[in-house]
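Residue numbers (UniProt numbering), protein chains in the order written: chain A, 1 to 229; chain B, 1 to 223.
What the hints contain is simulated information worked out from the structure, not anything from laboratory work.
Where hints are given, some of them may not hold.
In silico DSS-like links for lysine-lysine, alpha-carbon gap of 30 Å or less [what the hints assert, rightly or not]:
no.	chain 1	residue 1	chain 2	residue 2
1	A	K227	B	K170
2	B	K127	A	K64
3	A	K227	B	K127
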Amino acid sequence: MSGKPVLHYVSVRGRMEPVKWLLAAAGVEFEERILKTKDDLQKLRTDGCLLFQQVPMVEIDGMKMVQTRAILNYIAGKYNLYGKDLKERALIDMYVGGTDDLMGFLLSFPFLSAEDKVKQCAFVVQKATSRYFPAYEKVLKDHGQDFLVGNRLSWADIHLLEAILMLEEKKSDALSGFPLLQAFKKRISSIPTIKKFLAPGSKRKPISDDKYVETVRRVLRMYYDVKPN
Amino acid sequence: MSEKPRLTYINGRGRMESIRWLLAAAGVEFEEIFLQTREQLLKLGQDGSLMFHQLPLVEIDGMKLVQCRAILSYIAGKYNLYGKDLKERALIDMYVEGISDLMQLILMFPFSPPEAKEKNIATISEKATERYFPVFEKVLKQHGQDFLVGNRFSWADVQLMEAILAVEEKVPSVLSGFPQLQAFKTKMSNMPTIKKFLQPGSPRKPPPDENYVATVMKIFKLD
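Turn these sequences into a full structure, and let the hints guide you.
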């Protein structure tokens, strides 16, 4: 029997958020199990649910999948968001790798001190505007198409939109100087499944606030002594 | 006309070694360019060869690919080392990603200060013997097959072999207690393409030394 995917994670965006974006964009409903105590995590471990004792974990198609990249690859492949052949897949992987690196700089952000948050913010914005956004602007400029790869919607587009919105939360005019990315953002945001995910009441997580920080630290027993880049 | 893939990196393992392993295991000959100055890296960036101004770079089938996972996934797919369907690919991806987390500790090790080295080796040993190796020991024991996924050779086997040897360089007795992995290591070592790669004169790079660290710091200005 095929049920909805079940996502096991903690209450911050963290590493699970791209999975939610991708499922939502594919129009796939899912359930969430939020770990609230370290016993919740321990139970998953002792039940043998976590291959490497870590979350994210997604129950999908009879598998208990771990490792974010593996999970995302599977969903992209299953829902035809991974290009039409090996070469398109390579491009998608390359582009997703970049946005993954960029969003990676923000993973530990909620756990930084107020002062370090300012530093990290500046760092991430600088990387976005000098390294990553120019790369994607160029891709769009070179082929003049609406989507990054193969003239149709793929995982790469969804991931880039997620990265753009995260950056704009840090600097609202992060896209100034990138006209094609601005148009891209509007276009992808208005795709019905994505528009729905961006509307209030969806499963999209708001920016993590301090309320969750201590809980997550306790559950995962990490993020105690985090330094900015 | 099909040309050999061309790998651009520094003359050392780093993030390119897994790619060398996979190409070699697939029996694919390749060329290598070794950067020696930061100027060479910057020039590649200016030429538009590096999408994110970073290495590794692999030129293959008319593409200039960057991002290790993208490169490795492409090679695995092209040379039939990526399973027969989505579900086998999912298993291979999970295994490879897990091993890659372990390899990350090894990658970072040369750059740790002298006073932290002993502690870092202990961490590598602990992660290998408590988190990662038990998983693969169990996988092999449960299905009793020679290879991790689908009863045939895949990227996951290559990556696990690379990791076993890399950890053994730091912790020689790390496989004691893992009889399946010992047998796996022997079998992999005897596969013709891997055997060839493990011999002197192959593209396999030696363990990182001070020279390697200095080159990395100079060229990449780790930022």
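Hint numbers the structure violates, sorted upward?
none
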